[in-house]
Every structure is written in C-alpha cells, then in structure tokens.
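Please work from the sequences and hints to get the whole structure.
Spelled out, the chains give:
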Amino acid sequence: MIGHEFEVTTRPDGDGRVTFELSGDINAAAGDRLGALHSELDRDGLNTLVLDFERVEYINSTGIALIVALLARARTADVDVVAFGLSDHYREIFQITRLADFMGIFPDRASALRAAQG
Amino acid sequence: MALWRRKPKSESEADRPVEVRTVEPVDIAPDDPLLAYLQDVARPVEVDKLAVDSAALEEMKASGVELIVPLVTQGELVGILNLGPRLSERDYSTDDRKLLDSLASQAAPAVRVAQLVREQELEAQQRERIAQELRVARLIQQTLLPKELPQISGWTVKAYYRPAREVGGDFYDFIDLGDGRLGVVEGDVTDKGVPAAIVMATCRTMLRAAARRFDDPGRVLEAVNENLHVDIPPNMFVTCFYAVIDTSTGLIRYANAGHNLPYVRTDTGVDELRATGMPLGLMPGMSYEVKEAKISHGDAILIHSDGVVEAHSPSGEMFGFGSLMGIMGAYGHAENLVDRVMGELADFTGSDWEQEDDVTLVVLRRTSTAQEAAATLMAENVLAEFEIESREGNEREVIDRIEQVVAPVGLSEVRLQRLKTAVGEATMNAIEHGNRNDPALPVGVMVKTDSRAVRVHVVDRGSGSGDHSLDPDTPDLEAKLAGEQSPRGWGLFLIENMVDEVNETTDDGLHQVELVMYLEGDGHDRA
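Just so you know, the sequences run in chain order F and U.
Note that this note's numbering gives residue 72 to position 72 of the first sequence, counting from 1, and the numbers run on in steps of one.
Note that this note's numbering gives residue 116 to position 116 of the second sequence, counting from 1, and the numbers run on in steps of one.
Derived by calculation from the structure, the hints in this document are not laboratory data.
Everything numeric in this text was worked out from a predicted model, so none of it was measured.
Treat the hints with care, as some may be off.
[Claimed, not checked] One-sided and incomplete, this derived list gives chain U residues near chain F with beta-carbon spacing under 8 Å:
#1 Q106
#2 E392
#3 R396
#4 K480
All C-beta atoms in this analysis are idealised placements derived from N, C-alpha and C, irrespective of residue type, glycine included.
Next up, the structure:
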C-alpha cells in the first residue's frame, strides 16, 4: 500500500506541556494509536498539548475526525492545544474546517511553545 | 365613361318601346387636346361647335355624340358624359344644359371620390402582392442558404448574409467534396424578388451537381453556364465565384464568372483572387480561367457581393473596392473581420441607409499554427483511465496517480493539492459507501482535460443514495467537540470545498462523481 504508516511519539516539554510528534498518514489506520494517547491528557499538571505535524504527509477526512476527537478530549481535560508544522494545504483545511478556531496554529515548534507558555 | 346613343327611329317602329343602344366607349389618349379644352371650359359643349384638333372628338362625332358634359371638380377633369340626340329629336335647350351642368357639378366630386377609393384599393392590392412576393423570395433564399457552417479542422469559416428589403439574388454555399476538400460558392443573380430567388435556387442546384461531377472549378462553371443559359429569363444572369480548397494543404483552385474578386490577407498584404470568365447564363460555350493560390496558416479569404462595395453614403459616394481592401489590410487577420466590415459600412452609409442590395460576406481563415495548437488543447483529452480495488487506503494510490497525470496541465501547487484531497475523499467515499469495501468491485477513475478545466471522474457501483450521495451539511465543529455529534463526517464537506465544481450522476448501476478544477481559476486561489 502506498503511504506511510502513522507513528506518534510523546515528548514531555516541561511546564505542563506535552508534544505529540506525529508522522506518516493520519487516516483510519492511525485511529488506534491516536486513541491510545487520549489517556495522556489526563496526567496531572498537564495544561498544553502541542501537536507536531512536521512529518505528517497525509491527512484524510478520517484523520480530521481523529484530530477532532483528540481536541474534544483535550477540552474535556481542560488542556489547550497548539499545533505547528502543517503544510500550507493542511493549514487551509484546518481553517475551512474551523479546527484553527480551537487550536493555535504556528509555523514552527519554537513559536508554538512560546505561545503555550504565554 | 360609357357612351349612350339612341338609335334613330323609323316610321314603322314608332310604336315600339324606345331602344337605347350601347356604344363602345371612346378611348381618349391622355395627351388629346380635347381633355385640356374640356377641363378649361368646365360646362356642356356641343360637339358640332367644337373646333379642336382631336382624334377622340372625331370618333365621338362618328358615334353620334351631340353634347359633351365635362365632370370637373377642383379644377380637374375626372370624367365626361357623352350624350347623343334627344329622344324628342330637338336640340338641347338652355334649360337642359343648365340641368346637365348642375348634375355634372354634383356628380364630379362623387366620381372623384369613387376613383380615389378604387385607386387606393388597387394600391393596397399591389402592396400586398409585392409584400407577398418579398416573403416568398426571402423564404426561398433563407431555405436554401446553408443552415450551418462547415466545421473544418485548421480552418474557421464565417458567413454573413443580410438581404435588402427587396431581396436580391445573393447566395453562398459550401459543398463537402470529400478527402478534406471543400467547395465554396458565392453568387449574385441580377434582378430581385421572386424571379431572382428562383434563378438562385436553380443555379445552386446546378452548382452542387456539377461540383460533384467535376474536380476542375472552371469545368464546374462551364457546366452550370451551359444548363443555366437555356432556362434563365432574358436580361438575367448570375455572377459566381467558385473555389475548391484542399483544407489540409491550403491549396485553393478557383474560377470566377464575373463575381467581385475575393481578397486574401497574407503576411505581406492583401491580394486579389483574380480569374476571368463571363457571368453565368449570358451565352453558351463560355470557358472559365482556373487559378491556384496557397493559403498559408493565418491567412484569410474574404468573398463579398455587390451590396458592400456598391453601398452609397448619404452624399451619394460609393463605398468602393478600395475601402473594402483597406479594411482587409487593417483587420484581415482579426477574428471579427465581418463585424469590422459591417461597422465601417454602417459608418459610411449612416443610420438612415436603406440597404440597396443584399450583402453577403464569406470569410475562410486558415488558423495559425499557434491557434491550431490551442485548438488541439481545447479538444477534450483523456489523460488517464484506470481502476482500483475497493480496499481501505487505496485512495492514496489514486492520489499519487492523479498528481502524475495532471502534471502537464500545470495547475498551481495550491490547486493541485486541493484536487488531490478532493479525489482522495471521493475515492474513499466510492470504496467505503459505494462499493462497501468489496475488493471485487472496482472504483473507476478517469482524468480528462480540455481548454477550461481538469475533470476527474470517480465511479463506483453504488446507487448514490443515503450517506453516499453528495449532500453535505456543513459539519458543526462545536457540536462535535461537545460530544453531541460524531467527530466524523468531513469527507463530502472537503470535496465541496476543494474543487470548483462537483457533479454527481447515477446511471445504470454506476454512481459517478465528477470533480472539476477550472484552469482559468488558477492564480486566483482562496486565501
């Protein structure tokens, strides 16, 4: 099958922040792995989830649904979500789906982390 | 007026009823001096006492007319009453004359009114007859002019025909001669109205028959001339230009029976297509010179009738060949050459111009090599057609192939990415909902392009009903985040938002979604 398998690494960033380093394709096949990370959002002291899309190649509508579910879970846990590393195309998709209204979108990791601190 | 005379009565016939004999009316020439005299005196006059040198008067005398009573109204002689001898055989008395004078003065206006009414009736009948003739002539002409123009690869053909009020005999025709050869005719029958239309119809039929018999355009005109001169009414003839164009090479062979010389606009200027020959139908045994020319890419031929060059300005000047040649020089390469000619003509003749003759223009333009390349691009072109198995994730294969296939079209990166996403979502929809993830059912993909757009067709075996059909509600993100709606349901929304047009059809068990990305929208991307 064409495409790259979804992988995710969690990376604590201190100050109540955690980064999910996402890579490959965010589609139906990514559902289990992303779903398994929902519990990470319940950790004590967590205030910000940083989504790193730099190595994501493909997001389809199922992938959008997975991100919506993750965002919903974060809101339940009172965790802010910021994202960076989206291509221009997926940034546009995050805008027309209004995901960008509910998570800060930043061009790179540094600006995302700065915003998370503020 | 009728002439009445009592036949002389013999002794033996005395007891018989009075016989009144009707005499042939006397024809009076319009220039007979008697008429001027009667108009002048305007009262009853005795024939015997008249000293006018008049043929009519002599005829009246011979017929036994004794008294002429002129009917004059408003100084105009509108008729005369001719009286023979009185029944009593006495002379007309002064009282008789007064009575007749009085009668004439009352009858004259009534006669005049009757005459005017009659004249108007005749005029109305005449007008209706002419109008009917014009309708018939127009009908004949419009029925026989080509309904559509030939569609020839590498050429654009335009024709313009505007009949004068009193329809002239212009005509044009295109004859498909096979092997990429096109016969082109423009003709003009002298005379107008129905006679011209009938000759035009006859000539057109003869030309069509001859064009199929003979390759040589001169031979075609010869044959038509031989047939036409037998049937054509006296004083009528037909001017006619006939050419055979090899549309693949641009070679034109032509002959001309006295028609206006067509112009060719080339890279270097304007040339005439000059060949000699007498008009058709004048006399038998005519031969027609045949000439050849090469029409290069970008050149245009203008064939024109008298209605253009012989149009007059309000001050009486003629438009002339020079003006038309000038327009050909200036605008011969322009697509709107016909509009240019008619525009210049309208400026020249002014708005009150009553068109004197039919105007016919035929333009044949050999497209330039650049235009040909554009035309090739304009033609619908299937870039790819393939199928995939209905397995989850196979939309990625389709997306990758679309990216390769549409590369030559040159979409901008932004619009290419949008198209890829829309194609991916449509394919997912086809796999999951249309074919219900059954690998045995293929999803068909076809990619087409034309001058306006890239079109991707995604076909599945579903009915297109239910959640499969394209009827997206805008997903409510707040409701999804609040857990009130499923987080899913983005596919159709993405498709609709990514491409310029989405069309859906279901036919014979196949459900098809067409995704359209306009090429002209490129460079005007959404923020």
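- [ ] Go through the numbered hints given earlier and state which of them the structure violates, listing their numbers in rising order.
- [x] 1
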